[in-house]
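Protein chains: 2
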Amino acid sequence: MTIRIVIADDHAVVRQGLKMFLLDDPEFVVVGEAQNGAEALKLAHELNPDVILMDLLMPVMDGITAIGRVRRECPDTEVIALTSVLEDASVVGAVRAGAIGYLLKDTQADELIRSIKAAANGQVQLSPQAAARLVREVRAPESPESLTEREIDVLRLLAQGKANKEIAQALVIGENTVKTHVSSILLKLGVQSRTQAALYARQIGLGPVD
Amino acid sequence: MTIRIVIADDHAVVRQGLKMFLLDDPEFVVVGEAQNGAEALKLAHELNPDVILMDLLMPVMDGITAIGRVRRECPDTEVIALTSVLEDASVVGAVRAGAIGYLLKDTQADELIRSIKAAANGQVQLSPQAAARLVREVRAPESPESLTEREIDVLRLLAQGKANKEIAQALVIGENTVKTHVSSILLKLGVQSRTQAALYARQIGLGPVD
DNA sequence: TGCGATCTCCGCCAAAGGGAGGAGGAAGGT
DNA sequence: ACCTTCCTCCTCCCTTTGGCGGAGATCGCA
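Here the protein sequences come in this chain order: A and B. Take the first sequence: its position 105, counted from the start at 1, is 105 in the working numbering, and no numbers get skipped. Take the second sequence: its position 20, counted from the start at 1, is 20 in the working numbering, and no numbers get skipped.
Keep in mind that the hints are not guaranteed to be accurate.
[As the list claims (entries may be wrong)] Listed below are the simulated DSS-like cross-link pairs for lysine-lysine, each with C-alpha atoms no more than 25 Å apart in a straight line:
| no. | chain 1 | residue 1 | chain 2 | residue 2 |
| --- | --- | --- | --- | --- |
| 1 | A | LYS165 | B | LYS188 |
| 2 | B | LYS19 | A | LYS19 |
| 3 | B | LYS42 | B | LYS117 |
| 4 | B | LYS165 | B | LYS188 |
| 5 | A | LYS117 | A | LYS19 |
| 6 | B | LYS179 | B | LYS165 |
| 7 | A | LYS19 | A | LYS42 |
| 8 | B | LYS165 | A | LYS179 |
| 9 | B | LYS165 | A | LYS188 |
| 10 | B | LYS42 | B | LYS19 |
| 11 | A | LYS179 | A | LYS165 |
| 12 | A | LYS42 | A | LYS117 |
| 13 | A | LYS165 | B | LYS179 |
| 14 | B | LYS117 | B | LYS19 |
| 15 | A | LYS188 | A | LYS165 |
[What the hints assert, rightly or not] Listed below are several chain B residues computed to face chain A (Cβ distance under 10 Å; list not exhaustive):
| no. | residue |
| --- | --- |
| 16 | HIS11 |
| 17 | ALA12 |
| 18 | GLY17 |
| 19 | LEU18 |
| 20 | PHE21 |
| 21 | SER84 |
| 22 | LEU104 |
| 23 | ASP106 |
| 24 | THR107 |
| 25 | GLN108 |
| 26 | GLN160 |
| 27 | ALA163 |
| 28 | GLN196 |
| 29 | LEU199 |
| 30 | GLN203 |
[Claimed, not checked] Derived list of chain A stretches under chain B, where covered just means 3 residues or more per stretch with a C-beta under 8 Å from a C-beta of chain B:
| no. | segment |
| --- | --- |
| 31 | 13–20 |
| 32 | 99–111 |
| 33 | 154–166 |
| 34 | 190–202 |
The hints are simulated quantities; they were obtained by calculation from the structure and are not laboratory data. Since this is a predicted model, take the numbers as computed values, not measurements. Ideal Cβ positions, reconstructed from N, Cα and C, are used throughout, including at glycine.
All chains should be modelled from the sequences, with the hints used to inform the complete structure.
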């Protein structure tokens with residue numbers, strides 16, 4: 001039984017390196033490569049792969065957004081976040097978005113292979129460091145759980161320093177609607193300004209993955 | 001004539017991918033691999049390679065520091081910064097430290113090969129994006145060093161989400177004065193809003209004790 | 001002495017942000 | 001069918017932000 005894999009990373013070098021690693025095991029077939037989150041989502045629909053190895057820092061559509069959509073739209077596809085930086089923010093964000101694994105790019109080939117096989121069977125795979133971050137987060141939950149999906153969309157853009165008008169354009173809704181969402185966010189987070197909301201969002205892992 | 005290369009990157013995947021790329025051209029020989037800047041410096045001394053491909057984000061000793069030391073201690077070795085993120089700060093830092101090139105990891109194999117050959121001959125190689133950042137920097141230096149002491153005071157409070165009125169009270173100055181400082185900060189940092197300034201400040205380590 | 005940078009403050013004004021409240025529609029659970 | 005939540009958009013109104021020009025005071029340096 002083969003495991004069909006899609007690699008999503010904007011760097012050709014990384015894609016090449018991953019393919020080399022995966023060639024070691026005949027069980028793996030790389031069925032597609034994506035250079036950004038949007039392409040990854042498209043390939044997920046077309047190819048319905050078993051596993052997507054997803055970088056988090058990508059243009060057009062970032063990895064976390066892509067993970068969320070893949071999980072919602074292609075529930076049979078498991079996603080492993082594969083990133084170079086270990087940051088509390090992205091670990092929590094990726095897992096919350098539905099990633100079954102979070103691995104660092106300095107993972108050794110054999111460990112990577114084991115993790116992909118486990119993920120294909122629905123088993124959670126976290127690097128030890130990532131697991132530690134997650135535990136710390138769960139123990140002191142400061143999640144914007146009460147925020148709705150749309151509010152989180154708005155907050156994510158707000159945390160990039162975007163103005164209401166820009167957020168409206170990005171989400172293809174009216175500026176008034178954005179203001180409504182922002183008001184709700186400020187109320188729910190208990191902060192007094194968008195700047196405070198942005199800082200809070202960064203702290204808990206929303207915003208651009210960096 | 002062969003070009004002797006050292007690869008410095010903390011991620012095994014990336015090193016593997018780069019080696020695959022370089023195998024395409026018989027002129028290249030990868031004589032060593034380093035997992036951090038300190039190792040790269042050690043290898044530079046021992047092997048005296050023609051070119052080092054240096055990641056900037058590495059543990060133990062970061063790439064920019066390593067570039068500076070390699071250039072000072074092994075002047076025959078040229079260094080190409082090869083990084084995943086395009087950030088004004090690192091472009092300027094790497095070039096200032098003595099990098100002869102600054103390439104992104106999403107560079108295509110053939111372009112990478114051409115760049116390494118050029119670098120071995122002492123020719124500058126910058127990705128178009130990196131070149132643009134450099135030009136912008138030279139034209140309008142936007143380092144936080146250009147901020148005055150008082151402006152940094154204001155920025156620090158701003159990065160805590162404080163409003164102009166609160167900043168004024170904290171610094172015991174008038175609100176109008178705060179507005180003047182904020183305007184200068186926005187201008188110097190090249191950002192469009194206080195929220196962006198706050199995020200930038202956090203990124204460079206300003207803000208509350210952290 | 002003059003020059004330049006910095007810090008302080010002022011007023012004016014346009015734009016953006018944010019509070020309060022209402023309202024329609026879609027989706028899902030009872 | 002009903003209720004709730006959410007998303008969407010609206011109006012009215014006020015505050016905050018930020019751009020612009022101007023200005024006096026201090027300090028240090030050429």
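(request) Could you tell me which of the hints above the structure violates, numbers in ascending order? (result) Violated hints: none; all satisfied.
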